[in-house]
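Chains A and B, in that order, give the protein sequences. Per the numbering used here, the first sequence starts with residue 1, numbered consecutively. Per the numbering used here, the second sequence starts with residue 1001, numbered consecutively.
Treat the hints as calculated values from the structure; they're not laboratory data. A quick note: this is a predicted structure, and the numbers were derived from the prediction, not measured. Virtual Cβ for every residue (Gly too), placed ideally from N, Cα, C. One thing to keep in mind: the hints can contain errors.
Capping the alpha-carbon separation at 25 Å, the derived lysine-lysine pairs in DSS-like fashion look like this [claimed, not checked]: (1) A:Lys3 - B:Lys1014; (2) A:Lys3 - B:Lys1028; (3) B:Lys1073 - A:Lys271; (4) A:Lys270 - B:Lys1008; (5) B:Lys1073 - A:Lys3; (6) A:Lys271 - B:Lys1113; (7) B:Lys1113 - A:Lys10; (8) A:Lys270 - B:Lys1112; (9) A:Lys10 - B:Lys1073; (10) B:Lys1027 - A:Lys3; (11) A:Lys171 - B:Lys1137; (12) B:Lys1113 - A:Lys171; (13) B:Lys1112 - B:Lys1130; (14) A:Lys271 - B:Lys1008; (15) A:Lys3 - B:Lys1113; (16) B:Lys1073 - B:Lys1008; (17) B:Lys1059 - A:Lys3; (18) B:Lys1059 - A:Lys271; (19) B:Lys1131 - B:Lys1112; (20) B:Lys1211 - B:Lys1027; (21) A:Lys270 - B:Lys1028; (22) A:Lys10 - B:Lys1014; (23) B:Lys1059 - B:Lys1211; (24) A:Lys3 - B:Lys1112; (25) A:Lys270 - B:Lys1131.
Which stretches of chain A does chain B cover? Using the computed rule of at least three CB atoms under 8 Å from a CB of chain B, they are [said to hold, decoys possible]: (26) 6-14; (27) 80-94.
If you want the ones that stay clear, here's a sample from chain A, every Cβ over 12 Å from chain B, calculated [what the hints assert, rightly or not]: (28) Gly26; (29) Phe98; (30) Asp219.
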Amino acid sequence: MEKILPSDIKQLTLVARHELFRFTRGWRLPAVLGIVLLISGLIIAIPQIMNYRVPDDPKEYFRTFAGFASILALICATFFGADAIVSEYQNRTGYVIFPAPVRRETLFSGKFIASFIACMIALGLYYLIGSIATLYFTGKGSISILQSFLLASLYMWALLSVAFLISSLMKGTTASNVLVFVLFLMIFPIAESMLSLAGVEPSAIPTYSGNTITDILSDPYPVTSKQVIPIGRNNTTMTVWDFHPTLAQGIGVLLAYGITSTALAVYIFKKREMSG
Amino acid sequence: MNPIEIRKISKRFKETLAVDSLTLDVKKGECLGLLGPNGAGKTTTIKILTNLISPTSGKAFLMGIDVTEDPRKALSYVGAVVETPEFYPYLTPVEALAYLGRIRGMTPDHVKKRSNDVLREVGLTEWKDKKIGKFSKGMKQRLAIGQALLHEPEILILDEPASGLDPRGMVEVRNIILNLKNERKTIFMSSHMLHEVQEVCDRVALMDRGKLILDGGVEEVSRRFNRGRIEVQSLLPLTADIVDRIKKLRNVSGVEWVYTTHLIVDVNGGPEEFSTLLDDIRGLGVKITSFRQVSDGLEDMYMTLVRSSL
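Okay, chain B solo, but in the shape it has when bound (with noise of 0.2 Å):
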């Protein structure tokens, strides 16, 4: 059994298939990082997930719970944000966290030890007092993960973590998220950033409509679309002649001309590839003041996802 199983989900929206088939596990300590533009049906999964929408069809299980038939015991298991969540304007995190605590069955004395450990692991210490209402976006968003910390879950939810923070808190919350990590929590979190994905899961998966296209390790993935954008500076302007013959060199896709001395250069493979195109571009008599990778196949890939979903 595995903490996350996801058996052929489907949602429907009146006429839109926001979710469509979708099955996915998650293993016991693993990362998952749920990728795909606006739309793609991220939220909506982790939306079924955590009993705030129901399946048109399928199953989802949590610690091998149904959390359809059983939601209370499911969801016992799970800290959650999703969305950008708003708390009570007149409470205070202290008052918050003992409510979420509480109803979770943590005792009082628990719950004010915990409340003082998250609201530090989040950065709301000397907030903890104040009322909610007077919180930037940011701050919410902190408190909406210290909550979902609270109680100590064996399975984190977390969609868009890092939403609303400035760069700061998205470091600090990518920390709190390698942290979870280390304690072998199971994490399955969604995003639009590949770059947090990158930093901080194992897996990764992409949707896109609705649908998976994507599913493997970071690394695998990576190896998978074992290509690359190289960026090509020359001292002199080159010549359309040389262009045309660059692009006929070993493993070269494409190339864009970008300025008379600028081009980007597709690459079909790694870094040994790499390597032979700048020694066979200077084969070609051109001298290279820069030469550098702007992008991976998996950006790649990710990007034409978020420009096609436009």
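Chain A extracted, bound-state conformation (with noise of 0.2 Å):
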């Protein structure tokens, strides 16, 4: 008698459903909404228990909430992301699920889904406490916000992305979580700092395409520049770049890692073997 499965959709609902409910049972869902009513908190306290001007253009007030954006999207995708497919192998889950009736691409995107949403759940509340507040500061909103939204989810996504491939390549969890954390926080960063000093626009690193978060809220849009420094006696200069990528460039940059990360990350999945 043959049996009758659920469709891929259904079961990729399913999984996501139960991803997401994982993470209800878990302490990271909080620990990330905690974090994110700490750092909304701050940002919005200390201007006034200092008493610091407060910006009246609501792009200016915003873009103090957006420069955290980045660091909560990284916090996020180490959370929800670099563990994802590597714990399955190390915790030993993955004797249970993986000789169920369900394509490896269907537990995959299952996992991917839930992890994006709860992602999204932090990010869209940081959001909304930022611009609840700038608009109680400077009485005005802006739609630059929006546009800074939907560049830090983009952002996320990538990120994302990027720790379910680590995810899907490492052996442990720790070590997936300590090299998605480093990677973007550190090793990117320094990537783009040293290319920026040899005058190299660091157009392919993430990290620096994510500056379109905050830059979107500049008016007007930053652009690339460069100023000659004098330096020594012998009319010695030194030039200084300041890049800043296009709105293309970025959301460009931002695509091809999601994409690339994505389908290596599922085609590791899928042939990575349960052994040892």
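From the two separate chains plus the hints, produce the assembled complex.
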């Protein structure tokens, strides 16, 4: 008798719902939401406590919020993506789910969607609090805040894709978490700075493209500029570059990272064996 | 078509050939026990059957469907326990089973009913709403067996199902398997415990270093290795002359003089030959206080295998 299985879409929905349910049971989602509340609270409270001047321009006010968005994206990607795949192998939970009649692609997609939703809950809450604060303190809103949110969402997706790729490759959850965090917090920013110092635009670095999240809040949108500074006595000069990715460039690079990483991660996950 | 068909499967891990051209079938309603010492290739075979790893060469079919080509369809007929699996610690058994049941296409009502049934069967009813993180290894193994039975599969693939269980749990698992056998389920189980296989399986396959070295019905195999070890104890100390004469008796292939009054005799044959041996030894004037079989041929062979793998 032939078994009738749910469709791939139905299974994907079940996997995603199950993963989201797991997040609510674990400490990570509450922890990320706690971080969101803490950071937004600090951003709102510190200028009031220290008697700093609060900008009148909504874009300028919100830029402080947007400055933390990329870090929040990194925290979310690490919490919800960096060990999503590797933990099934290391914690041996894969021995239960992998022999079930569900495609690895479906499992991957369900996990990814759940992680992305969890990340978006945190990012959405953060932008919502920031928008309400902006409206409260400046009396105005700005469409640029929504644009910044969309760019932050794209950055989050690209970062999550890379986190899933690393998770598909690594053998241990700790190493995977550390690698994702260090890569985006240190390695990419350091590479970005080194290239900028050398006068090379760091176009291929995703954190550089992530600068569009805050750049979109500048009026006008910043463009790449250079400054020649004299150093020493013999008319020696140094050129200091201030690179800014264009919107199209930033979006293009983040899309490329997201698509490539996801495709590679799915391929590796599909081929990876539950041995050892 | 047999529910399980393994065709010349090989699996190589770098330098190690874990499974070497294995061919094996399991008929409908049959329980096959795959025996072998550690590293024999039992778990690797089971992992190939459950699509956890891919074979280097060869094919495996479940209900006629190639596991590598269409794992989703092939595995829809299977309930499996592989190694000692883990569950997400902050879920309860009911939640874990609900997820696995729904993935397999069971309705919420059916999952609920079957969850209660299987949790009762594996003795976890009292724990059904407790977090799995608090469970012992044995309890997780029971839950693993429960999830394998949840969707009432045609084929059960069990990798050392009694692993991690206390003696009572082992008996319970054996009874579960015997019940499944009565329901005409096809069972493929690995074990390193010979008595477990002898008790529940119809057929035994022995693997060593990736190769199948023996395959047959439990009774047939026992007949093929129709010999045994007999422990003989005499009332009075034995002499070297008597021991030499026992060595020369019919059907005796070896004698181990363990203690002055204590011998282990290897005998070719079955109960009839054992009886003749008893008469022959008494005929030599030995007053016997104890005469008992300590192992059969299959066990001897298995123990030799296990020793050689250490």
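Do the hints match the structure? See the list:
no.	hint	in the structure
1	A:Lys3 - B:Lys1014	violated (37 Å)
2	A:Lys3 - B:Lys1028	holds (17 Å)
3	B:Lys1073 - A:Lys271	holds (18 Å)
4	A:Lys270 - B:Lys1008	holds (24 Å)
5	B:Lys1073 - A:Lys3	holds (8 Å)
6	A:Lys271 - B:Lys1113	violated (36 Å)
7	B:Lys1113 - A:Lys10	holds (22 Å)
8	A:Lys270 - B:Lys1112	violated (31 Å)
9	A:Lys10 - B:Lys1073	holds (16 Å)
10	B:Lys1027 - A:Lys3	holds (19 Å)
11	A:Lys171 - B:Lys1137	holds (23 Å)
12	B:Lys1113 - A:Lys171	violated (38 Å)
13	B:Lys1112 - B:Lys1130	holds (16 Å)
14	A:Lys271 - B:Lys1008	holds (21 Å)
15	A:Lys3 - B:Lys1113	holds (19 Å)
16	B:Lys1073 - B:Lys1008	holds (22 Å)
17	B:Lys1059 - A:Lys3	holds (22 Å)
18	B:Lys1059 - A:Lys271	holds (17 Å)
19	B:Lys1131 - B:Lys1112	holds (17 Å)
20	B:Lys1211 - B:Lys1027	holds (21 Å)
21	A:Lys270 - B:Lys1028	violated (31 Å)
22	A:Lys10 - B:Lys1014	violated (39 Å)
23	B:Lys1059 - B:Lys1211	holds (16 Å)
24	A:Lys3 - B:Lys1112	holds (19 Å)
25	A:Lys270 - B:Lys1131	violated (30 Å)
26	6-14	holds (count 3)
27	80-94	holds (count 4)
28	Gly26	violated (6 Å)
29	Phe98	violated (6 Å)
30	Asp219	holds (47 Å)
In summary, the numbered hints that this structure violates are 1, 6, 8, 12, 21, 22, 25, 28, 29.
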